[in-house]
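Asker: Chain residues, written in single-letter form:
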Amino acid sequence: MTPIDSFVVVGGGTAGWLTAGLLAASHSLQNENGKRLTVTVIESDTVHPIGVGEGTWPTMRSTLAKIGIAESEVIKHASATFKQASKFVDWHTHQERSSYYHPFSAPQGSANIDITPYWLTNKYEAIQQYAQAVCFQPTLCDQGLAPKLGVNAKQSFSANYGFHLDAGKFITLLRNHCTNNLGVKHIVDDVTDVVTSVEGINYVTTANSGHVYGDMFVDCSGFSALLIEKALKVSMVDASNVLFSDSALVHQLPYADTHQPIACHTLSTAQEAGWIWDIGLQERRGTGYVYSSRYQSGEEATATLSRYIKAIDTNAEIPESFRKISYKTGYREKFWEKNCVSIGLSSGFLEPLEASSLMLIEQSASQLAEQLPACREVMPHVAKRFNASLTYKWQRTIEFLKLHYLLSNRNEAFWLANKAQDSIPERLQLLLEEWQYRPVLDSDFSGIDEVFSAQSYRYILYGMAHSTQVSQYARSLTKHELASKQFQLNKSLIMQLTERLPSHRGLIDTILTAQ
Amino acid sequence: MPTYITLDSKAHKKLAIRVDKNFGHAAKFNLVSLGFNEIATISGCMPVVVTTDDTNTPQKLAAVVGWPEFGNLFCSDTLEADNLPANKHYSDDEQWQGHAVPLSIQTYPFNYAIEKDKLTVLFDQDSSLFTANDSASPSPLFASDGSPSATLKQYRSMLANLASGSAQATAYVKALLELELLSPLSITLHFKNGDTRESNGLMTINEEKLAQLDANTIHKLHTQGLLVAINAMMLSLRQYNRLVQLTRRAENPIVKIGLKTANL
Ligand SMILES: Cc1cc2nc3c(=O)[nH]c(=O)nc-3n(C[C@H](O)[C@H](O)[C@H](O)COP(=O)(O)OP(=O)(O)OC[C@H]3O[C@@H](n4cnc5c(N)ncnc54)[C@H](O)[C@@H]3O)c2cc1C
Chain A
1 MTPIDSFVVV GGGTAGWLTA GLLAASHSLQ NENGKRLTVT VIESDTVHPI
51 GVGEGTWPTM RSTLAKIGIA ESEVIKHASA TFKQASKFVD WHTHQERSSY
101 YHPFSAPQGS ANIDITPYWL TNKYEAIQQY AQAVCFQPTL CDQGLAPKLG
151 VNAKQSFSAN YGFHLDAGKF ITLLRNHCTN NLGVKHIVDD VTDVVTSVEG
201 INYVTTANSG HVYGDMFVDC SGFSALLIEK ALKVSMVDAS NVLFSDSALV
251 HQLPYADTHQ PIACHTLSTA QEAGWIWDIG LQERRGTGYV YSSRYQSGEE
301 ATATLSRYIK AIDTNAEIPE SFRKISYKTG YREKFWEKNC VSIGLSSGFL
351 EPLEASSLML IEQSASQLAE QLPACREVMP HVAKRFNASL TYKWQRTIEF
401 LKLHYLLSNR NEAFWLANKA QDSIPERLQL LLEEWQYRPV LDSDFSGIDE
451 VFSAQSYRYI LYGMAHSTQV SQYARSLTKH ELASKQFQLN KSLIMQLTER
501 LPSHRGLIDT ILTAQ
Chain B
1 MPTYITLDSK AHKKLAIRVD KNFGHAAKFN LVSLGFNEIA TISGCMPVVV
51 TTDDTNTPQK LAAVVGWPEF GNLFCSDTLE ADNLPANKHY SDDEQWQGHA
101 VPLSIQTYPF NYAIEKDKLT VLFDQDSSLF TANDSASPSP LFASDGSPSA
151 TLKQYRSMLA NLASGSAQAT AYVKALLELE LLSPLSITLH FKNGDTRESN
201 GLMTINEEKL AQLDANTIHK LHTQGLLVAI NAMMLSLRQY NRLVQLTRRA
251 ENPIVKIGLK TANL
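Same order as they appear, the protein sequences are chains A and B.
Under my numbering, the first residue of the first sequence is numbered 1, with each subsequent residue one higher.
Under my numbering, the first residue of the second sequence is numbered 1, with each subsequent residue one higher.
If you are wondering where the hints come from, they were derived from the structure by calculation, not from laboratory data.
Keep in mind that the hints are not guaranteed to be accurate.
Derived DEER-like restraints, expressed as beta-carbon distance ranges [unchecked claim]:
| # | chain 1 | residue 1 | chain 2 | residue 2 | range |
| --- | --- | --- | --- | --- | --- |
| 1 | B | Ala171 | A | Thr93 | 45 to 55 Å |
| 2 | A | Ala70 | B | Gly146 | 20 to 30 Å |
| 3 | A | Ser240 | B | Lys10 | 45 to 55 Å |
| 4 | A | Arg307 | B | Gly146 | 28 to 38 Å |
| 5 | A | Glu481 | B | Gly146 | 42 to 52 Å |
| 6 | A | Asn208 | B | Val19 | 56 to 66 Å |
No experiment lies behind these values; they were computed from the predicted model shown.
Every residue, glycine too, gets a C-beta built ideally from N, C-alpha and C.
Let the sequences and hints guide you as you build the complete structure.
Answerer: As structure tokens, then:
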């Protein structure tokens with residue numbers, strides 16, 4: 001047997017350091033021969049990390065716990081704040097449906113009953129929007145309240161949450177932790193050549209540090225995809241026929257008042273040819289316009305983002321031109337080829353509408369760390385499973401993102417084109433047809449590789465006011481009493497929580513001042 | 001008497017509060033007024049009574065927490081309350097000696113005023129609990145964005161309970177008086193050194209009168225939720241034994257107590 005004892009991670013962006021951290025932390029002991037797993041990160045100091053990617057999923061909490069970084073560290077050192085939901089604004093032009101939430105917390109009573117179909121009958125809470133009727137979290141977001149009472153929320157109530165964070169500071173935090181506490185080796189140098197054989201990658205050559213050998217390589221080199229594409233020639237599966245955006249204009253906006261309230265959700269506001277993200281960190285907002293250059297010129301897009309920023313702060317300084325990132329939407333035909341795994345932007349890119357990139361990085365790296373092949377001989381088996389699993393995840397993510405566009409009644413060309421039949425993946429199309437007559441069922445998304453649960457679909461579908469004729473399905477709705485109790489419980493929970501929870505800024509203050 | 005002023009998110013933005021788990025400010029209290037909504041929890045810990053008629057103050061629902069000889073028996077340091085440093089910190093065994101604390105004690109140094117159904121938070125500006133620079137991590141009342149902190153929100157909701165509880169207590173006492181269900185309670189304290197003292201001035205439920213009520217009235221009391229409170233008040237008299245126990249730390253503790261309800 002040829003044992004796997006060393007990993008070389010090429011790239012020191014969020015993907016590289018998260019992967020190195022997960023690998024090192026989950027294989028921290030020595031084997032029976034006294035050998036340790038070595039993890040080396042090579043990062044260039046001339047090519048910088050992309051510097052965006054500031055919204056995470058709640059999964060980031062368990063990822064950081066695995067790596068050994070406390071929540072308070074992320075708040076203190078990565079300017080992080082809490083994210084409880086995404087709020088979609090103007091995805092409809094109807095005034096009364098001008099916004100809706102996709103919260104991270106599940107609907108009331110979901111361990112025992114799905115109250116969605118009861119809400120769909122219009123007999124309950126018909127005036128209220130779906131997310132507000134079934135979940136307390138949108139109200140917390142509306143009022144700028146924190147997801148929990150204090151630092152030690154373990155004893156008391158805590159809503160589900162992820163983070164908003166400063167990408168650059170987050171990388172520094174990860175890097176310091178990995179090198180200081182997890183024994184990850186760090187080489188700051190440019191990779192200039194990748195030397196391959198039939199087995200895969202033999203070694204990489206660096207400008208000043210010689211050859212770097214490893215049993216396995218992880219390509220975290222970002223869009224340049226040095227290993228997976230340039231060396232191993234694995235191509236991309238294009239998905240731009242489903243998701244149309246190909247450009248992002250990025251801008252960081254300092255708060256007018258450094259103590260102003262911080263939004264506890266990602267704001268995503270639809271525009272003529274895409275949407276603008278707006279993420280509240282401790283000292284600034286991160287904003288950006290994700291759009292399709294087929295439907296809007298760079299100049300017009302710049303005007304769109306400028307207008308948005310001016311509406312927030314009339315005194316904001318608008319740069320002559322925004323930083324622009326262009327990208328191709330799609331994913332690798334194979335994520336794991338021979339002895340190389342690609343994670344992060346090198347593995348593909350989907351617009352950041354639901355912050356799926358970091359989540360897919362976490363999932364890929366966790367899966368790699370968990371299923372780590374003991375030796376070369378079994379590597380193809382693990383690779384095969386990994387590829388199947390990741391392909392499934394990427395495809396489902398594409399469908400879920402597409403869902404956001406399908407029920408809009410906006411009439412600009414970009415939005416109309418998004419509804420064209422041939423741009424909708426078949427699986428999603430069929431489900432949508434079924435959902436005209438029945439609610440989204442848990443069993444619609446029950447695979448082990450599911451990334452978005454039925455619940456997320458419900459929040460989007462019914463948030464976008466999809467009409468469902470439950471007249472047939474009504475035959476199975478036998479638990480009206482239990483359902484009505486859940487709606488009631490949700491209301492009283494909202495009352496209790498709003499009376500108790502501090503503001504989002506208040507919780508951040510508390511964490512920053514705690515010893 | 002504390003001087004209460006209105007709490008203002010701008011003027012008092014920097015105010016922080018220290019939590020005193022011993023509630024030392026109440027060290028000399030003997031009687032504490034009680035809300036109707038507190039009867040259930042407090043009656044398992046302290047005697048719940050009604051104060052006697054006095055031309056100056058109306059009769060009130062109250063909890064007995066001590067006697068003049070001892071001060072408030074639930075405060076750990078009662079016995080030498082006079083010479084306590086203002087910002088003494090307490091270890092766990094120096095905390096409040098009961099599982100329940102009356103709201104009016106818990107809410108100190110805050111108080112409330114009600115204007116047009118709106119509750120305004122007041123605070124005792126002389127209280128030593130407001131020590132912005134105290135080393136024992138004081139909790140701020142406001143976040144840097146000016147919003148109320150979780151701590152202040154907690155006080156605010158206790159004050160709201162206190163307000164509604166005290167309005168209900170007034171109605172409850174009125175109902176007890178109308179039905180003539182109250183009779184004087186007379187207490188004899190026997191001290192270790194042989195002294196005895198009579199303590200009067202409190203009223204409790206007259207069990208005989210209660211037994212004589214007709215079925216309709218009983219049913220009405222039951223549906224109004226008053227019957228449970230009446231029973232809890234009667235049972236709470238057992239807690240006098242607990243007070244006696246708490247005097248053990250004193251030099252001249254009470255060794256025996258006699259309760260007599262003068263049934264009219
Ligand atoms: C506009 C936009 C918005 C986004 N928003 C979100 C979001 O809200 N949520 C989310 O989850 N994700 C988001 N993402 C995705 C997220 O930014 C990335 O998934 C994440 O930052 C990971 O990037 P990476 O580490 O793969 O690549 P990069 O950050 O590009 O890092 C590449 C690394 O490779 C190194 N490197 C490159 N070439 C060489 C070389 N020759 N030699 C040595 N080292 C080299 C670089 O030095 C760098 O360290 C967004 C992406 C974009 C474009």
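Asker: Does each hint fit the structure? Answer for all of them.
Answerer: Right, here's what the structure says about each hint:
no.	hint	result
1	Ala171(B) <-> Thr93(A): 45 to 55 Å	54 Å, holds
2	Ala70(A) <-> Gly146(B): 20 to 30 Å	28 Å, holds
3	Ser240(A) <-> Lys10(B): 45 to 55 Å	53 Å, holds
4	Arg307(A) <-> Gly146(B): 28 to 38 Å	29 Å, holds
5	Glu481(A) <-> Gly146(B): 42 to 52 Å	44 Å, holds
6	Asn208(A) <-> Val19(B): 56 to 66 Å	58 Å, holds
This entry satisfies every hint, going by the numbered hints stated previously.
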